[in-house]
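From just these sequences and the hints, can you work out the full model?
Protein chains in written order, with the working numbering: chain E, 1 to 173; chain C, 1 to 173; chain P, 1 to 173.
Possibly wrong hints are sitting among the right ones.
What the hints assert, rightly or not - With a straight-line Cα cutoff of 25 Å, these simulated BS3-like cross-link-like pairs (lysine-lysine) come out:
#, chain 1, residue 1, chain 2, residue 2
1, P, K47, E, K31
2, P, K109, C, K6
3, E, K98, P, K109
4, C, K6, E, K47
5, E, K109, E, K98
6, P, K21, C, K31
7, E, K6, C, K109
8, C, K98, P, K66
9, C, K22, E, K66
10, P, K6, C, K94
11, C, K109, P, K21
12, E, K21, P, K66
13, C, K21, E, K66
14, E, K109, P, K6
15, P, K98, E, K66
16, C, K6, E, K109
17, P, K47, E, K6
18, E, K98, C, K31
19, C, K109, E, K66
20, C, K21, E, K47
21, C, K47, P, K66
22, C, K66, P, K22
23, P, K109, E, K94
24, C, K66, E, K47
25, C, K47, P, K31
26, E, K22, P, K31
27, C, K109, P, K94
28, E, K22, P, K47
29, P, K6, E, K31
30, E, K98, E, K47
31, P, K31, P, K66
32, E, K6, P, K22
33, P, K98, E, K98
34, E, K98, C, K21
35, P, K31, C, K66
36, P, K109, E, K6
37, E, K31, C, K94
These aren't lab readings, by the way, just hints derived from the structure by calculation.
Keep in mind that this is a model prediction, so the values were computed, not measured.
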Amino acid sequence: MLKPPKQSDWILDAHSCPGFKKYELISHVEKLPTIHHTEYIHIETPKRYGLINITENIEHILDRSKVIDGFCFVSVMHITAGVYVNDAESGLLKDIAKWIENLAPYGEKYHHHQTGEDNGDAHLKSFLTNHSLTAPITHGHLDFGTWQQIFYAEFDGCRNKRILVKITGLAQD
Amino acid sequence: MLKPPKQSDWILDAHSCPGFKKYELISHVEKLPTIHHTEYIHIETPKRYGLINITENIEHILDRSKVIDGFCFVSVMHITAGVYVNDAESGLLKDIAKWIENLAPYGEKYHHHQTGEDNGDAHLKSFLTNHSLTAPITHGHLDFGTWQQIFYAEFDGCRNKRILVKITGLAQD
Amino acid sequence: MLKPPKQSDWILDAHSCPGFKKYELISHVEKLPTIHHTEYIHIETPKRYGLINITENIEHILDRSKVIDGFCFVSVMHITAGVYVNDAESGLLKDIAKWIENLAPYGEKYHHHQTGEDNGDAHLKSFLTNHSLTAPITHGHLDFGTWQQIFYAEFDGCRNKRILVKITGLAQD
Numbered sequence: 001m002l003k004p005p006k007q008s009d010w011i012l013d014a015h016s017c018p019g020f021k022k023y024e025l026i027s028h029v030e031k032l033p034t035i036h037h038t039e040y041i042h043i044e045t046p047k048r049y050g051l052i053n054i055t056e057n058i059e060h061i062l063d064r065s066k067v068i069d070g071f072c073f074v075s076v077m078h079i080t081a082g083v084y085v086n087d088a089e090s091g092l093l094k095d096i097a098k099w100i101e102n103l104a105p106y107g108e109k110y111h112h113h114q115t116g117e118d119n120g121d122a123h124l125k126s127f128l129t130n131h132s133l134t135a136p137i138t139h140g141h142l143d144f145g146t147w148q149q150i151f152y153a154e155f156d157g158c159r160n161k162r163i164l165v166k167i168t169g170l171a172q173d
Numbered sequence: 001m002l003k004p005p006k007q008s009d010w011i012l013d014a015h016s017c018p019g020f021k022k023y024e025l026i027s028h029v030e031k032l033p034t035i036h037h038t039e040y041i042h043i044e045t046p047k048r049y050g051l052i053n054i055t056e057n058i059e060h061i062l063d064r065s066k067v068i069d070g071f072c073f074v075s076v077m078h079i080t081a082g083v084y085v086n087d088a089e090s091g092l093l094k095d096i097a098k099w100i101e102n103l104a105p106y107g108e109k110y111h112h113h114q115t116g117e118d119n120g121d122a123h124l125k126s127f128l129t130n131h132s133l134t135a136p137i138t139h140g141h142l143d144f145g146t147w148q149q150i151f152y153a154e155f156d157g158c159r160n161k162r163i164l165v166k167i168t169g170l171a172q173d
Numbered sequence: 001m002l003k004p005p006k007q008s009d010w011i012l013d014a015h016s017c018p019g020f021k022k023y024e025l026i027s028h029v030e031k032l033p034t035i036h037h038t039e040y041i042h043i044e045t046p047k048r049y050g051l052i053n054i055t056e057n058i059e060h061i062l063d064r065s066k067v068i069d070g071f072c073f074v075s076v077m078h079i080t081a082g083v084y085v086n087d088a089e090s091g092l093l094k095d096i097a098k099w100i101e102n103l104a105p106y107g108e109k110y111h112h113h114q115t116g117e118d119n120g121d122a123h124l125k126s127f128l129t130n131h132s133l134t135a136p137i138t139h140g141h142l143d144f145g146t147w148q149q150i151f152y153a154e155f156d157g158c159r160n161k162r163i164l165v166k167i168t169g170l171a172q173d
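What follows is the structure, given as structure tokens:
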């Protein structure tokens, strides 16, 4: 049976924490040429809401950029959408959708609707993801753990939208 | 009449999604000189709370930096404030204020108040924005969509505070 | 006695705000050699949940990187943990733990648990922090305000986990 955590248990001291095991040097790159590569992804979701795994799309742009160490910056160009990093398991996607909907519900009497809009919830939902994310690139690949995937979160779809992807870093000479 | 969304509708597959239309190459810049330009903005809001559009302030610093492609990093130097990107519509600002206040209310019996502070809510509110944001720079300008604006969110004002702005990237040779 | 804020008070105009005092140029660095330095921190927390101040750990890596101006990117390599910047006061840590637990509670009937997992709450909790953060580096140090500290937030511990730290920027010639 599930026991809820005690809040006092949450506070750990890094100095006394037995969990810190080691530092591992992964990469140290210097004085290589710099590349900044920017693409937009154009998208129109078929429904109003959507959580869409765009990891492969990002990896294609990374390949085209030729960057071997740096950052992949992904940013929505709209204020009713977001991006985030999490697991792609289908049950979890339902949990995330439900959780976001509960915290920033559709159909409330938002002040914003006095302008004629009906997407006040979408603006608030975007606070629960982020307008942008940064993913690390090492040895030419996204330097992610096993389950990390990049998602585009649409909260006011059925229209043309753009995702900006800017890959910056060092390349082979 | 407003109908709430179905959660199962949120899950979209990028491969089968008709919405992915194209990639558009916007910029590819290489081997130009690098600039890192850092300024602090000093601010003291006249009230305890405030959502303040600082996009123009950031653009002025961008102009001074001479960067043509890179990133504009904006960070509050305090743990009771935040920054975010969203729309500047005045009704929406009220919705955002109400939403943040509901999720992290002022006046609760926070443990933090045993130190003599009364700003426990401000620390939690800062989790709903972010301590920092990154905005992309392409062709010498903020590479934003039409409605994206940069906001400073003050949750414990009426005192001197600082916003760090670090602009990094490539410049014309 | 505590009075709640009025939402209309939150909306401030930067142009008319008396709080904007000055811009202060802190640093402008050009054309120095670039360094990208990446380490993983390996960690296994002794309990399921934990908020752990890792600022010193990050500073050690910053020292090894030799970067004098740039960014310190810190990213969890898992989808049931996060990182954030806030104060280290012990009462506040309890407030943060309680707040995160309330908004994304353990023990709910999450769809994700149909896979055999019991950590649906941890995935949602990670949305309230972030999978990554970026800290500015100026003059060879974290360019933070007095109270800013970097925390690792573990929501599904007692197992080996990794934190990626990528320090990028300019070094002395």
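Verification of the hints:
no.	hint	result
1	P:K47 - E:K31	violated (42 Å)
2	P:K109 - C:K6	holds (18 Å)
3	E:K98 - P:K109	holds (12 Å)
4	C:K6 - E:K47	holds (11 Å)
5	E:K109 - E:K98	holds (20 Å)
6	P:K21 - C:K31	violated (37 Å)
7	E:K6 - C:K109	holds (18 Å)
8	C:K98 - P:K66	violated (45 Å)
9	C:K22 - E:K66	holds (20 Å)
10	P:K6 - C:K94	holds (10 Å)
11	C:K109 - P:K21	violated (34 Å)
12	E:K21 - P:K66	holds (23 Å)
13	C:K21 - E:K66	holds (23 Å)
14	E:K109 - P:K6	holds (18 Å)
15	P:K98 - E:K66	violated (45 Å)
16	C:K6 - E:K109	holds (20 Å)
17	P:K47 - E:K6	holds (11 Å)
18	E:K98 - C:K31	violated (46 Å)
19	C:K109 - E:K66	violated (53 Å)
20	C:K21 - E:K47	holds (15 Å)
21	C:K47 - P:K66	violated (42 Å)
22	C:K66 - P:K22	holds (20 Å)
23	P:K109 - E:K94	holds (12 Å)
24	C:K66 - E:K47	violated (42 Å)
25	C:K47 - P:K31	violated (42 Å)
26	E:K22 - P:K31	violated (34 Å)
27	C:K109 - P:K94	holds (12 Å)
28	E:K22 - P:K47	holds (19 Å)
29	P:K6 - E:K31	violated (53 Å)
30	E:K98 - E:K47	holds (16 Å)
31	P:K31 - P:K66	holds (16 Å)
32	E:K6 - P:K22	violated (46 Å)
33	P:K98 - E:K98	holds (21 Å)
34	E:K98 - C:K21	violated (28 Å)
35	P:K31 - C:K66	holds (13 Å)
36	P:K109 - E:K6	holds (20 Å)
37	E:K31 - C:K94	violated (49 Å)
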